[in-house]
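Asker: Listed below, chain by chain, are the residues.
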Amino acid sequence: MNRALRRISLACLVMFVLLLINVNYLQGFDANSLASEPGNSRAFAQQFQYQRGSITTSDGVTVAESRPVKGSVYKYKRYYPDGPVYAPVTGYDSLYSATGIEQAEDKLLSGTDPTLTVRNLIDLITGKPQQGASVQLTINSRAQQAAYSALKSMGKSGAVVAMNPQTGAILALASYPSYNPNVYATLDGSQLDKADAKLRSEASQPLLNRAINATYPPGSTFKIVTSSTAFTHGYTDNSRVYAPTVLTLPDTTKTLINSDGEVCDGGGHVPLIDAFAQSCNTAFGYLGEHLGSAALKAQAQKYGFNDSKLTIPLAVSPSNYPLADGAALTAYSAIGQYSDTITPLQEAMLAATIANHGTLMKPYLVQAVKAADLTTVQQATPSVFAHPVSPGVASQVKNMMIQVVSNPIGTGYVIPGIHALHVAAKTGTAQNGSNNTGLNDAVFTAFAPYANPNIAIGVVIKGGGYGAAAAGPIAVQVIKAYQDYLERQ
Amino acid sequence: MLVFAVAVVTFAYANVGFGLNGKLPPGLGEYCGGLAVLVLIAHLAVRRLAPWADPLMLPLAALLNGLGIVMMYRLQEVGRNGNPGTLSVPMSATATTTQLLYSALGIAGFILVLLVIREPRMLQRYTYTLGAVGLVLIAIPALLPDSISEVPGTGAKIQIAAGGFTIQPEEFAKLALAVFFAGYLVAKRDVLALAGRRILGIDLPRARDLGPVLIAWGASLLMLFFESDIGTSALFFGLFVAVIYVATQRTSWLIIGVSLFVGGALAVSRLSSHVGQRFDAWLHPFAAGNPSGNAFQLVQGMYGMGFGGVLGRGLGGGQPYWTPLVQSDFVITAFGEEIGLTGLMALLIIYGLIVQRGLRAAILVRDPFAKLLAGGLAFTLALQVFVIVGGVTRLIPLTGITTPFLSQGGSSLVASWMMIALLMRISDTARRPPPQAIQDEGMTQVVKLR
Chain A
41 MNRALRRISL ACLVMFVLLL INVNYLQGFD ANSLASEPGN SRAFAQQFQY
91 QRGSITTSDG VTVAESRPVK GSVYKYKRYY PDGPVYAPVT GYDSLYSATG
141 IEQAEDKLLS GTDPTLTVRN LIDLITGKPQ QGASVQLTIN SRAQQAAYSA
191 LKSMGKSGAV VAMNPQTGAI LALASYPSYN PNVYATLDGS QLDKADAKLR
241 SEASQPLLNR AINATYPPGS TFKIVTSSTA FTHGYTDNSR VYAPTVLTLP
291 DTTKTLINSD GEVCDGGGHV PLIDAFAQSC NTAFGYLGEH LGSAALKAQA
341 QKYGFNDSKL TIPLAVSPSN YPLADGAALT AYSAIGQYSD TITPLQEAML
391 AATIANHGTL MKPYLVQAVK AADLTTVQQA TPSVFAHPVS PGVASQVKNM
441 MIQVVSNPIG TGYVIPGIHA LHVAAKTGTA QNGSNNTGLN DAVFTAFAPY
491 ANPNIAIGVV IKGGGYGAAA AGPIAVQVIK AYQDYLERQ
Chain B
10 MLVFAVAVVT FAYANVGFGL NGKLPPGLGE YCGGLAVLVL IAHLAVRRLA
60 PWADPLMLPL AALLNGLGIV MMYRLQEVGR NGNPGTLSVP MSATATTTQL
110 LYSALGIAGF ILVLLVIREP RMLQRYTYTL GAVGLVLIAI PALLPDSISE
160 VPGTGAKIQI AAGGFTIQPE EFAKLALAVF FAGYLVAKRD VLALAGRRIL
210 GIDLPRARDL GPVLIAWGAS LLMLFFESDI GTSALFFGLF VAVIYVATQR
260 TSWLIIGVSL FVGGALAVSR LSSHVGQRFD AWLHPFAAGN PSGNAFQLVQ
310 GMYGMGFGGV LGRGLGGGQP YWTPLVQSDF VITAFGEEIG LTGLMALLII
360 YGLIVQRGLR AAILVRDPFA KLLAGGLAFT LALQVFVIVG GVTRLIPLTG
410 ITTPFLSQGG SSLVASWMMI ALLMRISDTA RRPPPQAIQD EGMTQVVKLR
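Those protein sequences? They're chains A and B, same order as listed.
First residue of the first sequence? That's 41 in this note's numbering, and the numbers climb one at a time after it.
First residue of the second sequence? That's 10 in this note's numbering, and the numbers climb one at a time after it.
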């Protein structure tokens, strides 16, 4: 019987070995994927047991931090000092979920990223409490504040994105109406559910990040793309194009008129640069008709249209330029109507490309990540996103954008305070809705100072009316705030 | 060794206090002193009643028992004294004391077994009596109304609840049946082993000899069906197959046994929604593949273990209370979360050592009945650990049985201590030196009979 007993022993050994292997798999190998399983509240709750890293702007203003709390299960609570202003960037970090940078950089902020493992181990040995890494944004607090307060005083839904054209660093990213992320920081689960349900049901959609996740018709700002296509196809800024007061579109009874039905620069054939400054729809409709939708689409995509993969590291909704079917629709699409849509970030990217001699830098929000001991864990390195146009083409578009502001016939000439800042711009007033009911969307894209640009900006105000009247002044305020900041440095 | 075991438990208990409240826990002296006294009494009893018994078993069992008490205290403190959390099935403020009392009962049972059963052979006399007792103990909960026999919220009918006091008779049935199987098979092993035909290289037993196996199989499946308790039925059946295999040394019994059980279990999983759900939860535990959410407990336990990682969160540092029934079936996940992979492996190795010591006694002992009994008991312990730990770690479908020595509850604890006593009695018999032959040929040789 001993032989059988030995075999039974072997069977017992096998069972224990199986158990040991399985617990090793579960607690060693599989632990990380279990932790990231949706519904694992342990991992999520754990982050409130120690200090999560802060989020600061590039100029050192703290926009999110963990503060110790008393009388709770949890030791720390998230706090957003200037909540609504930075909400589109920071997002929130609640008991159950996170958004924005809080989500995108969660592993570093919570200190669970593999790059922090060694530091955590040292902390464990030396008895220091674990602490997350802090994230430094590219956001400039002055520009961001200016953007949000300008949007707020306008009172209409809209967004502003400003970036450094030479690096792609995003200087401001504001959306209005916004929400206060502090309501998500509550450590009371039922309170959190209530607040979340309330914000979600609001008609004004405060949770929507309009700067990167909402698209609007670009209107006349799309003429930057149309001009770029034209210059690449042999036109110059002095080429004369047909600019009637009323352009009859081929194969239809539809016509295209200028914004208020006015004559374009005396009529007839006008130089492109004047048509651009005055934003003549007929001239650019005619030009687009001749260039063709395929060429426009190719150029738009080089600027970043139809790209659903861009992350900054927040996911950016694609701006769209679908192929227009037929000459008439192509003409509409060439002036930023038809089915063209654009995010405010993409607006800024148009100006940034021209400002940076035709090279578009990849937009990014995170400047650096620093561990709790202040050593740098990550440092952003600017990278080229695309070369939408050649430097030659860029300089011609730039000349035209300068004319928009400096030429008295330009659409941006009347914007208060714009001349002192040496802004180059393009306005847009986009019709939207069926049969163009409702107010137009005001669109504006610009960079400054044009001699050596350090800021490129895109502004969209839903139902704002004329681009120069509603969106332009907001851009000017943000540019001014940023230039003032740079001067004081 | 015993001192070491008590020291480890005391340290762990102090750890819970620091982990939960940052200070030494109240009752350190009472609980740990109480445990030390119990263990000392047990030790003295062993010295007197079974001096040759395996010296490792008592300290190992005491260590497990002590750690179980520590975990009870840790879980009992949830929601008290400013500690966060709520248990799905609340524990009373005296749960730890109760568990300590059960431990005292367990030690009493341990000493009683050593005292009454001076020779393993004694039990052989009661083979059929104990077999009947075992079957009755199993059958009682199935026959009683749900209100008395159903474990709340689990659908398993395995207990007798009366006046706020519950007993799980199957824990004791396990011991009775182990004796019955061993006694029965010692008598019948020759006929089971030798008669039969050889087909396809496997020795098949005669059809009429299959009778008892089929009865055992049928009984275990009926139990499965009426009491919805797949774990215990697997345990009984595994015990039976192991003992019959050791008795006959014929592989055919293993193959027949295992295939019968697997086939039967699959059939029942189709018929019984309770068992079917367990299979479903095992295969698709996570939310995406499990819309009914019936794996919540399993998944919470796994999250807890994953959260514990290699080193654990420290006693009092995790949230084991988020797992439903963590104090009984899922106690191993609480250990996994708080003492980590390292601690859990140590626990498993302690179980492995007890099993190995039991099997060693089985191999050493000469009496075939004792051999079968020790082998069966040790194997049952191994199987029980495998079924419950494998179940909560998703190695096999989850079946709710107790974790020996660690789970909350008296029946399991007392039965486990009695099992250790039986194993120690057998090892005492095995290791007792033979009577010394007296050198002087002229003298009358005295053979000690006890």
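Honestly, the hints are just simulated from the structure, not real lab data.
Treat the hints with care, since some could be wrong.
For lysine-lysine, the following DSSO-like pairs were computed, each having C-alpha atoms within a straight-line distance of at most 27 angstroms [what the hints assert, rightly or not]:
id	chain 1	residue 1	chain 2	residue 2
1	A	K117	A	K238
2	A	K147	A	K410
3	B	K197	A	K115
4	B	K32	A	K117
5	A	K168	B	K197
Since the model is a prediction, treat every value here as computed from it, not as a measurement.
Asker: Look at each hint and say if it fits the structure.
Answerer: Hint check results:
For a cut-off of 27 angstroms, the pair hint linking A/K117 to A/K238 stands: about 21 angstroms separates their Cα positions. As the CA atoms of A/K147 and A/K410 are separated by approximately 13 angstroms, the hinted pair is consistent with the 27 angstroms bound. Distance restraint check for B/K197 and A/K115: the Cα-Cα separation of roughly 67 angstroms exceeds the 27 angstroms cut-off, and the hinted pair is therefore not satisfied. Distance hint between B/K32 and A/K117 is fulfilled; the C-alpha atoms sit about 25 angstroms from each other, no more than 27 angstroms.
Distance check on the hinted pair: A/K168 and B/K197 sit about 67 angstroms apart at the alpha-carbon level, beyond 27 angstroms; violated.
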